[in-house]
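Enquirer: Listed here are the chains, written in short residue letters.
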Amino acid sequence: MSLIQLKPQTAPAASGKSHLKQATQGHRFDAELVAVTKRYGTGPAAVADISLRIPRGSYCCLLGPSGCGKSTTLRMLAGHEDVSEGAILIHGEEVTHKLPVDRGTSMMFQDYALFPHLSCLDNVAFSLKVRGVATRERRAQARQYLELVQMDHLADRLPNQLSGGQQQRVALARSLITRPKVLLLDEPLSALDPFLRVKMRSELKRIQKELGISFIHVTHSQDEALALSDMIVVMNDAKIMQAAPVREVFETPTNAFVARFLGGQNVLNSNGREVSVRTDRCRLGHATGLRSVEGQIAMIEYQGNIVRITLQTPLGDEMTVLQSDTDYFAQNPQIGDTAMMSWQASDEHILAPT
Amino acid sequence: MKLSPKAVSLLQIAPMGIIFAAMVLVPLVIIFVVSFLDYDFAQVFPEIYLGSWKDVFTSQLTLNLYETTFKFVAIVWVVTFTLGFSIAYFLVFHVRSMQVRLMLLAAIAIPFWTSGPIRAVAWVPLLGREGLVNQALLGLGIVTEPVSWLMYSEFAILIAYIHLLTMPMVITISNSMMKVPRSIIQAAQDAGASEFQIIREIILPLARPGIAIGTIFVVTAVMGDFFIVKTMSGGQVNTATMAIVTELNAFQYPPAAAKSVLMLAIVLGLVAILLRFADIRKELTK
Ligand SMILES: Nc1ncnc2c1ncn2[C@@H]1O[C@H](COP(=O)(O)OP(=O)(O)O)[C@@H](O)[C@H]1O
Ligand SMILES: [Mg+2]
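Residue numbers (my numbering), protein chains in the order written: chain E, 1 to 354; chain G, 1 to 286.
Take these hints with a grain of salt, some might be off.
List time: in silico DSSO-like cross-link candidates among lysine-lysine, alpha-carbon distance up to 30 Å [as the list claims (entries may be wrong)]: (1) Lys179/G - Lys98/E; (2) Lys2/G - Lys129/E; (3) Lys98/E - Lys205/E.
Because the hints were derived from the structure by calculation, they are not lab data. The structure displayed is predicted, hence computed values, not measured ones.
Sequences and hints are given; from them, build the entire structure.
Expert: Structure follows, in structure tokens:
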């Protein structure tokens, strides 16, 4: 079976239900949040007045520390949580008060949420069953989706007879068979061991590219967000700090929070302004024409082709230098040494105050 | 002295084993043996007599007793299951706050802190000839004279059973339902299942252990009960268990023993079937 068959755009128009039709050509954004606020009870807002537009066919990661409102945002998109204020659009169509099934979204849950009493095949076929599709046909279709996630050989097993990674694949197939316009994933990889996490991560990206729909993926892992995203949305404290293509977020963080959270940047004061400088553009030692700061070497981590050196400045800030192993062995610094870290003025990126 | 691990575990279970043998197995064997013995109005003879067993399987009178018992079991099960499932569903999936849920559960449970006889007597002012229900019916002009079958009738017995046994159904079923993760329900909603489909396809199968345990509770309670039958029917309705008690009071031990053994076999059979739906050990540890 060719994967092209599964592409939503080429889905047979036989199914008369409008929410199965995919990717109408008229919209520019797969998902939009317009001034969305969510309050639980009377406390401070869990999500405060956020606006976001996710272009067509994007892999978008919502990144932020625990409790910043990522899951709430995702659940509002899914329709599992009421919106206090604002509007939500999917494919340009307002869905703020629609039922989950009428939105064209599908959610993949952190705990997979497979139906424990149904075989993998019947788990995947469930959405067809509730629509009244005959047993043979729905099982045949479900098998195609299990093939997509390479789980067809275990179709008859119950969920608790599968490993975490395998359950995840089944959950993915079960979400995809509803032909969602947008797939929502809440920390899908956090329950997997590191090896599987990296493997599943590339799998998710491959499937997203093949289907051409948008994935909105919640994570608190910077690595994951950088590896997967076309677009990163950094959140903190119920607000969006920055939403931009991955390279833009990494290279030109808007403020110190984004720079620190994404990593790979030193945040420092230069001529009275807060700036960020990429750790791989900083080096140990000093030369004329370079800006520099002095500190004590607190940590040296050898990572094979690069070496990560952490300096503690007299003010207590931590600075990181990423060096090639050649440079490192040439200089051979030791923990406890006093050293200079220097960078070029042109590598400074000015941060907005937070 | 060193004991083999096997001997150690045997020693460890010995106290329980001895108590179980002395208090359960030995009496059961005695009952079983007695059921095959001859008797007259005053004593049991050590002579084989199969009359008690023949009677159990052939006498129309005895068969009617079992029929009444099973009718009660069936009706009470259907009603308590329907009520128990609906109430549990409401408590678990529609009552949002845990506090309200516990308050409502307590409201169901607290009346049962009173003793059985008091609760049985308490039905009289409600269902009796001069009771609240009859007065209301008369007052509304729905009936012209008091309805007599409300109290001291099969209807009264059923009411008392249902009142008593709905709570265990609610508790065991809601216990199972509370273990269903919210995300599973949301996944079913994402798939487009209606509330009714979610109940039928997801919640009902996942609540099966609770239903099975609640059913065991109801079945054994109704089959083993004579007190409610006696008080609520005023002695006008007879069941198999009532007959056993009557025979015991008349010193007719062998037929009582035969009926008891049969009853035990039926109950054990039912429980064995129901346990196929519920892994008790898993229910207790989870
Ligand atoms: N059901 C809820 N009731 C009350 N407060 C909630 C609920 N869900 C989340 N919150 C609060 O909203 C904030 C954001 O939560 P969440 O979106 O889960 O964060 P994240 O997924 O980024 O870790 C947190 O402060 C959390 O305590
Ligand atoms: Mg979360």
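Enquirer: None of the hints should be skipped; say for each whether it holds.
Expert: The hints, checked one at a time:
{"no.": "1", "hint": "Lys179/G - Lys98/E", "verdict": "28 Å, holds"}
{"no.": "2", "hint": "Lys2/G - Lys129/E", "verdict": "63 Å, violated"}
{"no.": "3", "hint": "Lys98/E - Lys205/E", "verdict": "28 Å, holds"}
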